[in-house]
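Novice: Sequence:
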Amino acid sequence: MPAVLRHTDQPEMTAIFAPKPTLYISVTGDWTAPFPQEEYPPIRAIYEALGVPDRVDSKQYEGGHDYNKTMREWMYAWFNKWLKGIDDPLAAVEPDIQPEPPEVLNAMDRPPADNKGSEGIIAYFLEKFTFQEPQPRSRHEWNTFSRRFRERLMDLLGQGEASAEPVNATTVATTVWRGYTVEKIAYTSEIEITVPALLLRNTQHGIRNRSPVVIALAPHGKSDLLNNHAAFVEDLLQRGFTVFAPDVRLRGELHIKWDLNSIIWGRPEVGMAGHDVKRAVDFLRQRSDVDRRKIFCVGLGEMGVTALVSGVFDDRIAAIATDDLGRTYRRGRERPLLPRLLRYGDLPQMAATLAPRPLWLNRAEPLGEFEFSRKAYAAAGKSDALRLPSMAADAAGKAIVEWLAGLSQ
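In the working numbering, each number is its position in the sequence shown, counted from 1, plus 5.
To be clear, the hints were calculated from the coordinates, so they are not data collected in a lab.
Check before you lean on any hint, since a few could be wrong.
Straight-line C-alpha distance at most 35 Å; calculated DSBU-like pairs for lysine-lysine [stated by the list, open to error]: (1) K403 with K387; (2) K262 with K64; (3) K299 with K387; (4) K380 with K283; (5) K283 with K387; (6) K380 with K299.
Taking CB as the label site, the calculated pair distances span [claimed, not checked]: (7) W36 with A397: 42 to 48 Å; (8) P46 with L110: 38 to 44 Å; (9) L265 with V109: 30 to 36 Å.
For each residue, glycine too, the CB sits at the ideal point set by N, CA and C.
Just need the whole structure built from these sequences, with the hints factored in.
Specialist: This is the structure in structure tokens:
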């Protein structure tokens, strides 16, 4: 149930069903363990407010995820009472059941001869629900497409639910990395969400006033950036860039495995991360040592999609680059999880919404599908602003630095 918590939860669903009789059975050994203390009281309060408290009940059993005979008999008694008007407990006793012999049960493990497995399921949904690529012709049609796709993407990622509180930032400490000045910063992204980050500057030749900034996103956060992408960071610093490395959700210090929870909440991880980048832009634009017109975003490895999403969220990001974008979702990409995206578009359509801003997508696959992005940039009169090279990631890092240096002149 994607995004259900954006709109409702169990008490609200119950309020729609009430005053019809409802029985809740839970156990102590699975996710329903807290139900009697957390979810049930507000549900019962709804029935009490309607004057029918006898039409709702909850019973919890010791044990794991199960639906044993005792539980089933409790359910039989409930249905007997409300559907048949029978209150006799003996009428709810389950008769002895003769299980099927092992050979019959074992036969159920074998799929039908024409079974296509999970690949068949995926193929069915791709055929049934995947978007039909639009064919904008005029600049007006491209602008209309970009606006509509951006609105849909923002909705899929729950960006409309993100708070817009003033961004507050604190410099926690100042240190040195390989001779470069490092500020350890904590900035607010949303209520109760503080993003830890590093801001690196090259002060070896004095402090440069209003320098261009690269927001650098590494797969495992800021520590990953300094440990595994040190050459890339040093190249940027040597070319006069300030490097801002945030631990966006759910990376680095903010790492938790929350895939399904974020989907149910309607705030997929990549959407929350994109919002954290947007708030980073808010913070950077407040600084007197930052050139507000030259804030760039680079997504390394699997963070390429996050960089793209960040560009869609915030048109103040002057250019976006990825060193290894990889496959589209239509061609089998799974992460970052982005439920229902293919109903509206894919990575090439996401890239198209960024036109005419400079965009560098290394190893975007399959390249033919990004012809859609090329057309968008051509319609915007900026064909040369889109780069789609296919080079090794380490070579791409150096090329991206050169590209950004050219843009920052």
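Novice: Are there hints from earlier that the structure breaks, and if so, what are their numbers?
Specialist: Every hint satisfied by this model.
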